[in-house]
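Participant: Each chain, letter by letter, is given below.
Number of protein chains: 4
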Amino acid sequence: MKAQLFTQFQNIVDRASNEDLAILSQWMNGFEKKQSNEMTTYLSAGLHMERTLTADYCRVSIPNTPYIHNTLNIPHGGILAVLLDTAMGILANHSLPVGFASVTTNLSINYVAPAAAGGHIHAQVTLSHKGRQTIVLTGEIKDHLGRLIAIGTGSFFVIPSK
Amino acid sequence: MKAQLFTQFQNIVDRASNEDLAILSQWMNGFEKKQSNEMTTYLSAGLHMERTLTADYCRVSIPNTPYIHNTLNIPHGGILAVLLDTAMGILANHSLPVGFASVTTNLSINYVAPAAAGGHIHAQVTLSHKGRQTIVLTGEIKDHLGRLIAIGTGSFFVIPSK
Amino acid sequence: MKAQLFTQFQNIVDRASNEDLAILSQWMNGFEKKQSNEMTTYLSAGLHMERTLTADYCRVSIPNTPYIHNTLNIPHGGILAVLLDTAMGILANHSLPVGFASVTTNLSINYVAPAAAGGHIHAQVTLSHKGRQTIVLTGEIKDHLGRLIAIGTGSFFVIPSK
Amino acid sequence: MKAQLFTQFQNIVDRASNEDLAILSQWMNGFEKKQSNEMTTYLSAGLHMERTLTADYCRVSIPNTPYIHNTLNIPHGGILAVLLDTAMGILANHSLPVGFASVTTNLSINYVAPAAAGGHIHAQVTLSHKGRQTIVLTGEIKDHLGRLIAIGTGSFFVIPSK
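Residue numbers (this note's numbering), protein chains in the order written: chain A, 32 to 193; chain B, 32 to 193; chain C, 32 to 193; chain D, 32 to 193.
Next comes chain A alone, as it looks inside the complex:
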């Protein structure tokens, strides 16, 4: 299988545009972070997620590159959902005692403007309500110019963790 992968990689690089090469490099850089356990999932590694976490706030940032773009060359609305859901999930779980985890039950996002090209986009979330069985968080996404791109609200359900 490995020989086949090298041939495939060779073919891809041979045909690669400069944009292709940048995406390849970006993706492999992320993949190495997954292999070194710096990242926990292929998804977060591929997106190069960086996080800041405090007791009542979480920020998750990713670079705004063609890797996440839709056909309009702006970040795909679903990727903004990945960003918000990740930040909310991190903060929700962080707020729970040992032995409990949380799962998303509802996520609602309003998209208000396209992100400016380049830089990073940042999801910033806070706790709006922390109940015994449900947690509600709100957040927003800003581009590298600090402009508001989207706002969102997430509901999480508390479950015993395995």
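I should point out that these hints are in silico values taken from the structure, not numbers from a laboratory.
Here the structure is a predicted model, which is why all the values come from computation and not from measurement.
Keep in mind that a hint or two might mislead.
For identical chains, the list gives no copy identity; a pair is met inside one copy or between any two copies.
[Said to hold, decoys possible] BS3-like, lysine-lysine: derived pairs with alpha carbons at most 25 Å apart:
#: 1; residue 1: Lys65; residue 2: Lys193
#: 2; residue 1: Lys33; residue 2: Lys65
#: 3; residue 1: Lys193; residue 2: Lys161
#: 4; residue 1: Lys64; residue 2: Lys33
Assemble the complex: chain A is given as a structure, and chains B, C and D must be docked to it using the hints.
Facilitator: Below, chains B, C and D without anything else, positioned relative to chain A:
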């Protein structure tokens, strides 16, 4: 740059688990589809999106692999948003006359069950309202066993296309 | 207190427009239904709610009169929420075994068109997901011409009933 | 018709519980405000809405009485939607130049706790995004103890006013 990419790829393959190798293969297969213009974005290529489209229905499917999993080893809620938003956007744009496009203004998703392991997950969406300036679509995501994973509603705003 | 109420009622009737008189009559008709226990709340009585309920479907209808209008003389968006939430709550509770009730955790409504004047407006809801701890319902509101006015999704949380 | 209304009112008062009498009094007090044009709609009059409005903030309050209760004797979730949608609509319209109005396209509410008995409940909303064609507002509802009852997000579409 290319020599550096080969070294990096070599290092990744040397350290790769079987799961890593499967993800590498899957990702490069998708990348080739982007290079051959079978896929229009790196995102849809990486996710191996397949679509079925009629006048009032769109289905988008992707394989359920670790490439899209969260730390619970199930599809990330944000990826389900990517799937729904993509299917809704395709159908919304398809419903418009030449010279018009649509952008998502709101996406709301209810997550009701984890997807069964393996197979594909499928977003199926239909038009609920098609106005002159706004379009509303509803949809659901099912796993390969046909079980409901999530439902969603999207609002789109109609704009002149460039 | 009763004498004061009669004086007040006298003053209101003396100054009443034909629309005022119709509203007064409508409201008192509803109030009598609350007094005779045909209606369980002042709110449902004032709105003259009528319901149709089966195992997996609930319809709640109310007359479309100035009693529920906003300043644009169409049904207030919040009243459409009352209608949907009521129909969803009835169906959610009906689906539960004795000893359990449900409370709304999230309600999301898309408003797609103003209701035609007159007649009744009808909320029709169905179960999308019935879990052990959460229930998700979807529904729509139509006017007396059968045109779609709004669609909505509600999440309910199951609790032991008192 | 007026004679008939008096007979009906007499019958209602004869059978009225103390709670009934309080509701009758409350409702007629509101009705008089509609007749004197202090209130613009039967709905806002019946609910005894009071508002505070600045350039970027609106608060709407109503008394928490059985008039708005569901069968659990707490404010009906739909009435909280009336409150939020009203406050959001007032602020959205206030933010627009002469010749423009706004209509709600989406309202999403998360219910997080029941309101404490008595007092008033207060919806407080602010502008999150003000575009040329769309406005997004967020808000919360608190009870008279200052506890959070619900949070909500509304999307409005800007239209020429008549």
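Participant: Each hint needs a verdict: does it hold in this structure or not?
Facilitator: Verification of the hints:
Taking identical chains as interchangeable, the C-alpha atoms of lysine 65 and lysine 193 lie at most 25 Å apart only when both belong to the same chain, with a minimum of 23 Å there against 39 Å between chains. Taking the shortest Cα distances, lysine 33 and lysine 65 sit within 25 Å of each other both inside one copy (19 Å) and across copies (22 Å). With identical chains, the CA atoms of lysine 193 and lysine 161 are at most 25 Å apart both within one copy (21 Å) and between copies (23 Å). In the homo-oligomer, the alpha carbons of lysine 64 and lysine 33 lie at most 25 Å apart both inside one protomer (20 Å) and across protomers (20 Å), since each shortest distance falls under that limit.
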